[in-house]
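We have chain A already, so just place chain B on it with the hints.
Protein sequence lines, in the order shown, are assigned to chains A and B. Take the first sequence: its letter number 13 is residue 13 in our numbering, and every next letter is one higher. Take the second sequence: its letter number 50 is residue 50 in our numbering, and every next letter is one higher.
Keep in mind that the hints were calculated from the coordinates and are not lab data. Even for Gly, the Cβ is constructed at its ideal location relative to N, Cα and C. Worth double-checking, as some hints may not be accurate.
With the Cβ distance kept under 10 Å, some of the chain A side facing chain B (calculated, not the full set) [stated by the list, open to error]:
| id | residue |
| --- | --- |
| 1 | 31 |
| 2 | 34 |
| 3 | 50 |
| 4 | 51 |
| 5 | 80 |
| 6 | 154 |
| 7 | 164 |
| 8 | 166 |
| 9 | 168 |
| 10 | 175 |
| 11 | 185 |
| 12 | 189 |
| 13 | 190 |
| 14 | 194 |
Label pairs and their calculated CB-CB ranges [unchecked claim]:
| id | chain 1 | residue 1 | chain 2 | residue 2 | range |
| --- | --- | --- | --- | --- | --- |
| 15 | B | 12 | A | 193 | 52 to 62 Å |
| 16 | B | 9 | A | 117 | 34 to 44 Å |
| 17 | A | 143 | B | 39 | 54 to 64 Å |
| 18 | B | 128 | A | 193 | 33 to 43 Å |
| 19 | B | 136 | A | 145 | 32 to 42 Å |
| 20 | B | 132 | A | 178 | 14 to 24 Å |
| 21 | B | 15 | A | 128 | 40 to 50 Å |
| 22 | B | 46 | A | 176 | 56 to 66 Å |
Cut-off 20 Å, straight-line C-alpha distance, at most; resulting in silico cross-link-like pairs (DMTMM-like, lysine to aspartate or glutamate) [unchecked claim]:
| id | chain 1 | residue 1 | chain 2 | residue 2 |
| --- | --- | --- | --- | --- |
| 23 | A | 135 | A | 154 |
| 24 | B | 146 | A | 189 |
| 25 | A | 55 | A | 38 |
| 26 | A | 135 | A | 125 |
| 27 | B | 135 | B | 161 |
| 28 | A | 146 | A | 188 |
| 29 | B | 135 | A | 38 |
| 30 | A | 135 | A | 54 |
| 31 | A | 135 | B | 181 |
| 32 | B | 135 | B | 189 |
| 33 | A | 146 | B | 65 |
| 34 | B | 55 | B | 65 |
2 protein chains.
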Amino acid sequence: MPRVSQDHLDARRRQILDGARACFARHGYEGATVRRLEEATGLSRGAIFHHFRDKESLFLALAEDEAHRMAEVVARHGLVQVMRDLLSTQDGQPRDEDPADWLGTRLEVSRRLRTDPEFRARWAERSEELTTATKQRLLRQREAGKLRDDVDVDVLTSFLELVLEGLVSHLAMGLPAAGLEPVLDMVEDSVRRHRQGAELAAEHQ
Amino acid sequence: MPRVSQDHLDARRRQILDGARACFARHGYEGATVRRLEEATGLSRGAIFHHFRDKESLFLALAEDEAHRMAEVVARHGLVQVMRDLLSTQDGQPRDEDPADWLGTRLEVSRRLRTDPEFRARWAERSEELTTATKQRLLRQREAGKLRDDVDVDVLTSFLELVLEGLVSHLAMGLPAAGLEPVLDMVEDSVRRHRQGAELAAEHQ
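Same shape as in the complex, but just chain A:
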């Protein structure tokens, strides 16, 4: 396949994903009809379903896309940064890409995980990427001596994921984002290495 054609396909795929993201965020999964997906993407159903087999596949591609972006942020800045980004979209501060829709997709994933066992199974492998990215970042931090070493990395990973889920839920319930910055500072601090009393005492001797 010639290069220009692949570029074209990628751009078209991106156009569909961006429109669909806004559409799902606004109307929810069930409410995002084919008609609305056509409007949101500016493409015909023929074009949309040339790239994605059906609505379910389109949504999973979107969720996977978001999980991948989150994993990239995690690899560079950690899972707490993902949470800070979530907060900043709530404050109306600018973000690089798709400000409000990001949360929308995440919420729709949470909701469908609750209500749709089949989706749960298909999602499990995709969400693994975020867990893996979080764990690998923590392992690098531990090697660099920046992570507390009295708690297993698996436990720290679960802790951070639990707080992320709580934050998504908090924002989904329309509760205020204000005042959560110091909570995230505390969360970040909870996984960091602190010099122990014994070490300091040794230095003071």
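Coordinates of chain B only, in the frame set by chain A:
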């Protein structure tokens, strides 16, 4: 009103709440029809709506009832104990009262908060009780010298509430409860006072 009559009213009210709790947990708010509420409580619709104006009022009484129980646990043992209780209901371990239904009500509250702005307003005052109980418990712990004193109590309260919400969401998504005990240990430890290096150093001099 004679004493025996009040006892009877209280018992009847309790009977309705217990049946309704199981019914909402099983069918969700919309799915809990009047017919199903009759079956679950063993009472006629006339008897049910003699005690509660309508289904909405019954659900709010139930949610309030649950928030009150949670606040009692918080006052005695802290919010982390509420989370441990949530985990133990998932493991099939026995609890004092209403094992699985407790989470059901909590989930239904979360879901309705997401989707129903009117319910959100009515719920706000009720949920205040849990926040207040959590904060007061933390203040007592601080006075007793058991709480870390480098972070504001409001921040610690928000932190614990965020983790609780994450846990509810986690369990709602059907994710495993196994492995979360050490995470809750870590959460509990995060709000506790630890002797500072400087203090220990002073002792060693």
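Going down the list of hints, with the structure as the test:
For the restraint placing residue 31 (chain A) at the interface with chain B, the shortest Cβ-Cβ distance is roughly 12 Å, beyond the 10 Å limit, so the hint is violated. Below 10 Å, beta-carbon pairs count as interface contacts, and residue 34 (chain A) has none with chain B, the closest being about 24 Å; its hint is therefore violated. Interface hint status for residue 50 (chain A): violated, as the beta-carbon distance to the closest one in chain B is roughly 33 Å, over 10 Å. Interface hint status for residue 51 (chain A): violated, as the beta-carbon distance to the closest one in chain B is roughly 29 Å, over 10 Å.
Annotation: residue 80 (chain A) was flagged as interfacial toward chain B, and the flag is violated, the nearest CB pair being 12 Å apart, outside 10 Å. Interface hint status for residue 154 (chain A): upheld, as the beta-carbon distance to the closest one in chain B is roughly 7 Å, under 10 Å. At a threshold of 10 Å, the smallest CB-CB gap from residue 164 (chain A) to chain B is about 7 Å, leaving the interface hint in force. The interface hint given for residue 166 (chain A) is met, as the beta carbon of that residue sits about 3 Å from the closest beta carbon of chain B, less than 10 Å.
Hint on residue 168 (chain A) holds. Least Cβ distance to chain B is approximately 7 Å, under the 10 Å limit. Among the interface hints, the one on residue 175 (chain A) holds; its C-beta lies about 8 Å from the nearest C-beta in chain B, closer than the 10 Å criterion. Look at residue 185 (chain A): its Cβ gets to within about 8 Å of chain B, closer than 10 Å, so that hint holds up. Interface hint at residue 189 (chain A): satisfied, since its Cβ lies 8 Å from the closest Cβ of chain B, which is below the 10 Å cut-off.
A cut of 10 Å between beta carbons decides the hint on residue 190 (chain A): the least distance to chain B is about 5 Å, and the hint holds. With a cut of 10 Å, the hint placing residue 194 (chain A) at the interface with chain B holds, because the nearest CB-to-CB distance is about 8 Å. Between residue 12 (chain B) and residue 193 (chain A) the beta carbon distance is about 58 Å. The supplied range of 52 to 62 Å therefore holds. About 42 Å separates the C-beta atoms of residue 9 (chain B) and residue 117 (chain A), a value consistent with the hinted range of 34 to 44 Å.
Separated by about 60 Å at the C-beta atoms, residue 143 (chain A) and residue 39 (chain B) satisfy the suggested range of 54 to 64 Å. Separation of residue 128 (chain B) from residue 193 (chain A) is about 37 Å and conforms to the stated range, judged on CB atoms against 33 to 43 Å. For residue 136 (chain B) and residue 145 (chain A), the Cβ-Cβ distance of about 39 Å falls inside the hinted range of 32 to 42 Å, so the restraint holds. Between residue 132 (chain B) and residue 178 (chain A) the Cβ separation comes to about 19 Å, which falls inside the hinted range of 14 to 24 Å.
In this structure, residue 15 (chain B) and residue 128 (chain A) meet the distance hint of 40 to 50 Å, their C-beta atoms being roughly 46 Å apart. Taking the beta carbon of each, residue 46 (chain B) and residue 176 (chain A) are about 42 Å apart, not inside 56 to 66 Å as hinted. Only pairs whose Cα atoms come within 20 Å are accepted, and residue 135 (chain A) paired with residue 154 (chain A) is accepted, the gap being roughly 7 Å. For the given pair, residue 146 (chain B) sits about 19 Å from residue 189 (chain A) by alpha-carbon distance, which is consistent with the 20 Å threshold.
Taken as a hint, the residue 55 (chain A) and residue 38 (chain A) pair is honoured in the structure, with Cα atoms around 12 Å apart against an allowance of 20 Å. For the suggested pair residue 135 (chain A) and residue 125 (chain A), the alpha carbons sit about 16 Å apart, so the restraint of at most 20 Å is met. Of the pairs offered as hints, the one joining residue 135 (chain B) and residue 161 (chain B) holds, with about 10 Å between alpha carbons and a cut-off of 20 Å not exceeded. Only pairs whose Cα atoms come within 20 Å are accepted, and residue 146 (chain A) paired with residue 188 (chain A) is accepted, the gap being roughly 11 Å.
At most 20 Å may separate the alpha-carbon atoms for a hinted pair to count; residue 135 (chain B) and residue 38 (chain A) exceed this at roughly 50 Å. Among the hinted pairs, residue 135 (chain A) with residue 54 (chain A) is inconsistent with the structure: their alpha-carbon atoms are about 33 Å apart, more than 20 Å. Taken as a hint, the residue 135 (chain A) and residue 181 (chain B) pair is honoured in the structure, with Cα atoms around 18 Å apart against an allowance of 20 Å. For the suggested pair residue 135 (chain B) and residue 189 (chain B), the alpha carbons sit about 17 Å apart, so the restraint of at most 20 Å is met.
Of the pairs offered as hints, the one joining residue 146 (chain A) and residue 65 (chain B) is violated, with about 45 Å between alpha carbons and a cut-off of 20 Å exceeded. Distance check on the hinted pair: residue 55 (chain B) and residue 65 (chain B) sit about 15 Å apart at the alpha-carbon level, within 20 Å; holds.
Violated hints for the displayed structure, listed by number in ascending order: 1, 2, 3, 4, 5, 22, 29, 30, 33.
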